[in-house]
Structure formats: structure tokens, C-alpha cells
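Just so you know, the sequences run in chain order A and B. Here the first sequence stands for residues 893 to 1205, numbered as in our numbering. Here the second sequence stands for residues 3 to 600, numbered as in our numbering.
Honestly, I wouldn't trust all of these hints.
Stated by the list, open to error - Below 30 angstroms or equal to it, Euclidean Cα-Cα: the simulated DSBU-like pairs (lysine-lysine) are:
| no. | chain 1 | residue 1 | chain 2 | residue 2 |
| --- | --- | --- | --- | --- |
| 1 | B | Lys-452 | A | Lys-964 |
| 2 | A | Lys-1055 | B | Lys-512 |
| 3 | B | Lys-310 | A | Lys-1163 |
| 4 | A | Lys-1056 | B | Lys-577 |
| 5 | B | Lys-515 | A | Lys-1055 |
| 6 | B | Lys-512 | A | Lys-1163 |
| 7 | A | Lys-1056 | B | Lys-414 |
| 8 | A | Lys-1056 | B | Lys-452 |
| 9 | A | Lys-1055 | B | Lys-428 |
| 10 | A | Lys-1055 | B | Lys-345 |
| 11 | A | Lys-1056 | B | Lys-345 |
What the hints assert, rightly or not - From chain B, some residues computed to sit far from chain A (all C-beta separations above 12 angstroms):
| no. | residue |
| --- | --- |
| 12 | Gly-145 |
| 13 | Met-161 |
| 14 | Asn-399 |
| 15 | Lys-460 |
| 16 | Gln-517 |
If you're looking for bench data, these hints aren't it; they were derived computationally from the structure. Remember, predicted model here, so these are calculated numbers, not experimental data. For each residue, glycine too, the CB sits at the ideal point set by N, CA and C.
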Amino acid sequence: MAPHGTASEALRAGVAVRRPGGASLTQEAWRRFRRHRLAMFGTIVLGVMLGAVLLGPFVYTVPINEIDFKAKLKAPARAHPLGTDDLGQDLLARMLYGGRISMAVGVTAMLIAVCIGTLMGAVSGYVGGAVDTALMRITDLFLSLPNLPLLLLIVYLFRDALKKMVGPEAGVFLMIVAVIGGLRWMPVARLVRAQFLSLREKEFVEAARGLGAAPLRQVARHILPNAVGPIIVAGSLDVATAIIAESSLSFLGLGFPPDIPTWGRILFDAKDNLDFAPHWAIFPGTAIFLTVLSINYIGDGLRDALDPRKVLG
Amino acid sequence: MDEHRIRELLDDVKAGRLSRRSFIRGMVSLGLTAPLASQMLASAGVAQAQTKAAFNPTKRGGGGHLRTLWWQSPTLLNPHFAVGTKDQDASRVFYEPLAAFDPDGNLVPVLAAEAPSVQAGTVSKDGRSVTWRLKKNVAWHDGKPFTADDVLFNYEYIMDPATAAYNIGSYQEIEKIDKVDSHTVKLTFKRPMPFWADPFCGARGMILPKHVFAAYKGDKSREAPNNTKPVGTGPFKIVEFKPGDMVRAEINTSYHTANRPFFDTMEIKGGGDAISAARAVMQTAEYDFAWNMQVEDEILKRLETGGKGHAEITPTGYIEHIQCNQTDPWKEVDGERSSLKTKHPFLIDPAVRQALGLLVDRASVQEQIYGRTGIATANFLNAPSRFVSKNMKWELNVDKANQILEAAGWKKGPDGIRAKDGVKLKLVYATSVNAPRQKTQQIVKQAAAKAGIEMELKSVLANVFFASDPANPDTYTHFYTDLQMYTTTMTSPDPGFFMNQFTAKEAASKDNKWQGRNITRWQNADYDKLHQAAETELDPVKRAAMFVKMNDTVVSHGIVIPIVIRPAVAAISNKLKGVEQSGWDSNFWRLSHWYREA
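So that you can see chain A by itself, here it is in the shape it has in the complex (with noise of 0.2 angstroms):
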């Protein structure tokens, strides 16, 4: 990355600097994110996919679960752009229904990864001591948790309770989103930590903390912002492995209805099929592909772009 600015580290992370163009440190985020073209690749894509799952069902009104035997493992065609499934089901219907739940479930897993996984490291690096230990040792204890059967646990646990409460779909969505989420947040939680053990010590935020700040200004103000790199990093990466854990949940009975079609569980339903009605799996993998290596670039670029320390290069 080209070196450019000029403000010291301290002040860059504390308050909006104004740089001699004028621009914000927003703006100058947004620039330099733009440079990066891979990132601006994944974003134009996951643009195009996400325009298309939420728009395409209103513009492409085949239904997903008609079923007709006739045209059954048709390759793709005029009247079935992306082909069929062996019941006859058009795939392009299919996906893009599909595609809503599976971008949903990774992104909102995701979320709520991040969310745990940082509020638990930012309060185990930032106060230290005892309230580490314990936090520490329960991340450990969440990650020698084995998933599967706890999976299963919670599943048959709160499976019909949710269902009763928010009708089949939105329950299971909930369940699925909160379970892939619930058990990924360790890895960003370490990340978070470790970043904070060492901010916490650095020059600028001793400055803050000698100028008065409470705490939580100098978490929110000051450190967090210089540990936000990594946090995307494994952000992104988390979207990947949900939407990859939806369809192993689905897989094993657990997570979606199986007539849903999900990205995953019409890559499923397509495998034994691979080798005479290749369409029916290429275009769900190239899917489920290229949303995570978009929004994996995308967190590359961010990271970048938002990273203060790469400015002074």
C-alpha cells in the first residue's frame, strides 16, 4: 500500500483528523478501499448476487417447487436458464429463493459471532486479571465443546419450542443462525483479546487514558478501531464456514425443511448426479464460491483500508 498521511498514530486513531484535502477518515478509507481491486471485484460480485436475490424473485416468477417430469435434468435453456433438478424444478427459481436464506444465515451468523466473539475479548484484554482467566477458560471450553452432539442437544431441545413460537421457517432460521454463531465466536474472541493485551499497553492509549478518558472511551474510541483488522478478516471467513454449516445442519436433518432449497441442500441433492447433469451442481457451488471468496476480498480490502497503521507505510 502506498504510504501517505502524515497525522501521528495516536492522534489518527483518537479523533476525525482533517487531512489537508479536506477528506474525512472515512472518505479516506473509501479511497483507499477503492485501490484495492480485488476487494472492488468482491464487491461489485456480492453486489450483483445480493441485487439479484433480493430483486430476482420479484422479476423471475417461476415457482421453485414445480414439479414436472418431463423436463427433468434438463441442462440450461430458454425455458429453464439454469437448468433442472431431476424432479423438473427450475434451478434458477430455486437458487435465487435459495440464495436469500443462504446469504442470511451467513451473514447474520456471522454477526453475531463477531458480536460475542469481540465483546468477550475486548472485556478479557481490557480488564485482565481474573476476569480474563475466567473468560479465557470458558472460550476453552467452548472450543474443546464437541459440535456435533451439541448441535444435536440444542436442536432437539429447542427445535419445536421455537417452531411453535415463530411458525417452521423463522424458527429454524433462528435456531440455525443462533447455534452456527454461538459456537464460532472463540477464534475472533482470542483474535480480540490478543490485540487488546497489546494496544492497551501502546503509547496513544496511555495518552488517552493520562487525558482522562473513562474506559469505555478508550475501548471504543481508541483501541477497538486499531484491532478491527483481524476482527474482519475472521468475519468474513465466518459467512464462508456458516453458510458451509447450514447445509451440513440441513444435511443431517436438522436445519431446513428438506424442500427448501438452499444453496447447500441443492449442492447436496446435485452430487450424485455430478457426472450426466453437471449444471445442477456447478451453478449452486459457483454460488456458494464466489460469495465467499467476494466477501473474503472484501474483508481483505477493508481490512486495509481501515487499518491506520498501514497509512504511515
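Add chain B to chain A, keeping to what the hints say.
Quick look at chain B alone, frame taken from chain A:
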């Protein structure tokens, strides 16, 4: 065909005017089946035919290594605890019954010197006793001789309730069992037994050695070290057993049949799934044999075009069907749901069940999903053919289903879902994770939606769905959903045991740890009476009529909705020969005769 005519034909066979085979063929075409037609001959005093072997080696062994693939892997090797086919098959490599059932239902002697018959005086005319002469010079794998004491011991072992043998049902009708001499046993039954070949034959009749298991009868049965280290009489001896993964065996050089087996070593590899197993045999030819190909026919056909292997389809009485829960799966009473003390809010209404029956498009399920591996049927009892009802019909008729529901007072609400007195026709339809089943679910769901019935689909991993763990609420025996779909197997050529799954006393509940066989919890006194009567009816024709009536009762009440008959499908390498599969016995019933062409 009436009783009199059948008796005439039997006389013809006896006199040699009609061949055995054409008699059996004739009976089959008339709606009797092979195993039972064969038993009729046996009880009429016609000797059993011996299955001819196509390949007659001049020496034992020399065939190299046989690789078989069981994608659900065997977990134990004691045939009396072998609830699943996988364990029964793996046990059969090492243990053998007195006689096996061939594809025509003939008894083929294994540890017996000959199959009992009325003619030879070894089956009594009143059907109350049968005498088995045992083969002499049979040795266990550890060298000790096999004698009548071993047979007697197995009866005691199985009948001890503390042993908890899964096959106890086949032995309960035995009143006593006597040792006539060191190699002859006589079984006396409590009642005239129409099907005397149930105990000690086929998959449920394998024999354990007394000298190894005598100390582990009853409570201690599960602790026997030899539950995983079999000492049998079979063609192969155990080398290594890793439960859930691998069984390795080597040739039994003192096997009791001359010049058999052909293979020097064999293995049963477990794990994976049906489709990868099919590929391993038919596409890459890494394995010689794979069991239970629950794979869509389209895929099997495509794999067959490679010319390395083929799918062998064996007729059975296995039936893929939908069950309608008669109890309320959403209300908990005394710590269990689907309790017999509750009633289902709408599935007890015959109109709803009848409408559901009209919404299952069996033709599409057969044509589009199962192909050769699932034949659409209206009957629950589909084999042996003499027991198959001709009275039941099925159809797909959404309009009629709508009319029936309308007439019964189920009116469509603003959301398109029918309701009556505040009860909505919304139900949860469960099955195991298996691609053909998920597709069937979608086909049914779509038709149901057109009739104003909303279905929520649920699929449970097969290991969980078919588990026997009482603490697991997602098993098929708990049936904590409104509808569920799976295949019920029929392991014996006699339907007596198969049809007891609708009797009131078999209802699955918390009290019997959900081990009961009546999963729908349907209670019907007339059915119970009919089943009881059939248990002692010796006249084969009258008895068949009773089973037909039982089938008609459950089907017309709509307690179960039969979908397709599932024949047994195995993937076999084109080089592997002699693998004659029988729908009435284990996959390995004739393992000693398997051989490989060079």
C-alpha cells in the same frame, strides 16, 4: 383355484405327472408364492428339490481375495443379537443355520443332513412336530464337533428372556425340543405349525457353539468375548473384526462341504453410502459385491453401461409406505408423546386418511424415482404372492380427495388450508435422509397442497431415524410426527410375523421402550381376532384368505398408504458368479458357492 384343485395338483406332482417346478410356477401365477408353494409340497410329502450348483470346483480355495462392501457397517457378530441385516449378513459368513431358503423358497440343508418332509416321516402329519437329522462330521472353527447339544443349547439361549435375542419370536411356538441321538433333534410345537421351518432356518436360525457360549447365557449374554470373535461352522474363519469398519476372514480349510469355498480370504468393508458403494463395484470395480443399493435406478443403469458390474434385483416383500399416526404426536402424556391415551386431532378421521391415499402419485414415484427398484402397489402385504390381495386399488385423484374432504366438513380457509372446528390440516411428514425419499416427499407434498393440506417435510439421518435408542425422540418407533415413510422389511416367507405389526398388543410405547412393532398405534379388535385365528390355521388356503383380509383391512382403513414394493438390490461385479440371491434369506446364504471367473 379352490382347495380341491390344489390337492389334485399336489397328487400329480407326487405321482410324477407334474414337475415340481411347474407346480410352483403354477401356484405363483395363481397368487401363491414360491416358498409357500414349496412348503405345500413338503407337507404333502414331495421331496425338496436340491439347488444345482453351476460351478463344481475340484479343490478348495485358490480363488484369492473376495471384497464386499456393506455401506452400513456390521457392529457385532452374534447372529442372535443381529437386529439389522448388516449384522445378520456378517454373522452368516461364520455361522450357519440348519437349512437356508433358496430363491424359490425351497429349504436347502446346510447343517442338516436333509430337509425334513412328510414323506421321509420327519414332519408329522398334524404339523405338530418336525425332526431334523444333522450333518455328521461338521466341526466348529476350533475343531470341536457340531452335535445335537448345540442345537438344544441355542434354543435355551434364545428363549432365556434375559439374553434378549432379537429372534425369540421364531422360537416361541416350540413346546419342547428333544435330543433323539447325538445328531438328531425333534421339535414339538404348541400348536399345528403351518410354517415349521421358522426356527433354526434362514437368517433367524443360525447356530452358536455350546462349548463357547454356555457360560454367557441370559444376563451375561452381552459380555461374551466371542460376540465379536465368532467360532462357527461357516466357510470362513474370523481374522479381524473392527466394529463399524471392517470384517476380515480366511478360508475354513475343514469346511463341511467338499471343495468349497472358492475364495482364500474375504473382507466386508463398512461405511460410505449406497451410491459410492455402487460406484466401487460397478464403475471402478474395486469391490466384488455391495449390498442394499438404495440408489435411483437411473444412476444404476448409467453405472451398468460401464460393463464392469450389474445390479441384481431380487423380489421381496419389502414395502415402502406412509404411516398415519393414530395418536397425538404433539401432546405429552406421562413423559411420552404419541401416547396411546391420546387421539390424533384429525388423522383419526377416515375421510382425511382416504383423501391422503388419493394424493400419493405412485406411478410417478415408480417411473421417475425407483424404476426397477420400486414397483407401485396398493397392498401392504405383497409377498409371497398367494397372500396378495386382488381387491385393493390405488389412484391419484386430487379432485376426489377435495370432494371427500369437503363432504366431511373440512373447509378451505383464506390461506388455502382446510380446517374444521379450529383444527387445521397441517401436518409434519418425516422420513430418513435418502434422495429417493426426499423426492417422494416433495411429490406428495405438492399434491396435498392442491387438496388444501399443508405438509411440513422433515428428514432425519438414517442412523438416527432407525436407531433403537429409547432416549432418542426422532426414531421411527417413537413416531413423534403425523406421517412418516420408510420401508418395512419382511424377512420370513410366512406373513404371520410381518402382519402382527397392526395388532393392539404390539403398540410401541414408553412402557415397552418403543420396541413394539405397531408404530401407527392403531387399535382394532376385529383385526386382532383375525390375526390370532391365522396363527393356528393349518389349512393353507383358508390361512391365505385371512391374510388377504388383514391386508385389505389396514389398507382400506387408510392406516398405512403403501407406495412401492422394494426388491432387494445388490451390486455385483460381472466377474463374480454363483451369487444367487434369495429374497428369503441372508445375502451370504450361499457364500460357499461364490466364485470368480478369470
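Evaluated hints:
1. B:Lys-452 / A:Lys-964: holds, 21 angstroms
2. A:Lys-1055 / B:Lys-512: Holds, at roughly 25 angstroms.
3. B:Lys-310 / A:Lys-1163: holds, 22 angstroms
4. A:Lys-1056 / B:Lys-577: Violated, at roughly 57 angstroms.
5. B:Lys-515 / A:Lys-1055: holds, 27 angstroms
6. B:Lys-512 / A:Lys-1163: Violated, at roughly 39 angstroms.
7. A:Lys-1056 / B:Lys-414: Judged against 30 angstroms, a Cα distance of about 22 angstroms means the pair holds.
8. A:Lys-1056 / B:Lys-452: OK: Lys-1056 (chain A) and Lys-452 (chain B) at ~25 angstroms, within 30 angstroms.
9. A:Lys-1055 / B:Lys-428: holds, 13 angstroms
10. A:Lys-1055 / B:Lys-345: holds, 22 angstroms
11. A:Lys-1056 / B:Lys-345: Given pair Lys-1056 (chain A), Lys-345 (chain B) holds - Cα atoms ~20 angstroms apart, limit 30 angstroms.
12. Gly-145: holds, 46 angstroms
13. Met-161: holds, 37 angstroms
14. Asn-399: Asn-399 (chain B) is indeed farther than 12 angstroms from all Cβ atoms of chain A, at 17 angstroms.
15. Lys-460: violated, 6 angstroms
16. Gln-517: Nearest chain A Cβ is 21 angstroms from Gln-517 (chain B), so the label holds.
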